[in-house]
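Trainee: Sequences are here, hints too, so could you generate the full structure?
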Amino acid sequence: DTGVSQDPRHKITKRGQNVTFRCDPISEHNRLYWYRQTLGQGPEFLTYFQNEAQLEKSRLLSDRFSAERPKGSFSTLEIQRTEQGDSAMYLCASSLGPQGGFFGPGTRLTVL
Amino acid sequence: AQTVTQSQPEMSVQEAETVTLSCTYDTSESDYYLFWYKQPPSRQMILVIRQEAYKQQNATENRFSVNFQKAAKSFSLKISDSQLGDAAMYFCAPWGTPLVFGKGTRLSVIA
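Top to bottom, those sequences are chains V and D.
For the first sequence, my numbering begins at 1 and goes up steadily by one.
For the second sequence, my numbering begins at 113 and goes up steadily by one.
These are computed hints drawn from the structure, not numbers from a lab.
Remember, it's a predicted structure, so these values are computed and weren't measured experimentally.
Built from N, CA and C at the ideal position, the CB exists for glycine as well.
There's no promise every hint is true.
List time: in silico DSSO-like cross-link candidates among lysine-lysine, alpha-carbon distance up to 30 Å [as the list claims (entries may be wrong)]:
{"id": "1", "chain 1": "D", "residue 1": "215", "chain 2": "V", "residue 2": "11"}
{"id": "2", "chain 1": "D", "residue 1": "215", "chain 2": "V", "residue 2": "57"}
{"id": "3", "chain 1": "D", "residue 1": "185", "chain 2": "D", "residue 2": "215"}
{"id": "4", "chain 1": "V", "residue 1": "57", "chain 2": "V", "residue 2": "71"}
{"id": "5", "chain 1": "V", "residue 1": "57", "chain 2": "D", "residue 2": "190"}
{"id": "6", "chain 1": "V", "residue 1": "57", "chain 2": "D", "residue 2": "185"}
The following label-pair restraints were derived from C-beta to C-beta distances [as the list claims (entries may be wrong)]:
{"id": "7", "chain 1": "V", "residue 1": "8", "chain 2": "D", "residue 2": "169", "range": "24 to 34 Å"}
{"id": "8", "chain 1": "D", "residue 1": "173", "chain 2": "V", "residue 2": "14", "range": "41 to 51 Å"}
{"id": "9", "chain 1": "D", "residue 1": "138", "chain 2": "V", "residue 2": "58", "range": "13 to 23 Å"}
Mentor: In structure tokens form, the structure reads like this:
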């Protein structure tokens, strides 16, 4: 595996349901980032990890959002009680230090 | 806080011609990286080119090159010999941990 993978690629859910996304970074990368992108906009930062430590969270990350990277490898992003405004593409990126992030294909979330 | 401005929402270029996409930014950091990303319709973000702010030499990657003016906080992308596959959204991102992206420039390539 030479790239960042994300699962699922698409998720359709009903408002109020919980969803969880997974990101598998490039294996030697110690940094992992989550971004959200809506149509016509650039990606917006949500949170990032260095190894297993969550070092920064955006104010966009409400209490309904939580992210983990338990062993410093893969990461999960959970959204509780989804709202229609959560519909977006959720992007994961990884890097080895400040070398530029390599992005996964994204998870497209649609909240009905 | 870092800000990024891409003043050209849309650009078009004839196949085989050259086009330059502009980007200006504001940062308080003295040592940083800058990146251009390409996002085709598949929406996969692809790293196009990277510039280290402490290097005076502009980065080049095949048909892609940058014009980095540190004092002016300007970081433009030049695409030479444009190809149909270059059509995409292009995002400028100065490195701040995390990346802060501009709103993007949509590039169309005309055959």
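Trainee: Work down the list of hints and note, for each, if the structure agrees.
Mentor: Quick rundown of the hints versus the structure:
no.: 1; hint: D:215 <-> V:11; in the structure: holds (25 Å)
no.: 2; hint: D:215 <-> V:57; in the structure: holds (21 Å)
no.: 3; hint: D:185 <-> D:215; in the structure: holds (17 Å)
no.: 4; hint: V:57 <-> V:71; in the structure: holds (19 Å)
no.: 5; hint: V:57 <-> D:190; in the structure: violated (34 Å)
no.: 6; hint: V:57 <-> D:185; in the structure: holds (26 Å)
no.: 7; hint: V:8 <-> D:169: 24 to 34 Å; in the structure: violated (43 Å)
no.: 8; hint: D:173 <-> V:14: 41 to 51 Å; in the structure: holds (45 Å)
no.: 9; hint: D:138 <-> V:58: 13 to 23 Å; in the structure: holds (19 Å)
The structure fails to meet hints 5 and 7 from the earlier list, while all remaining hints are met.
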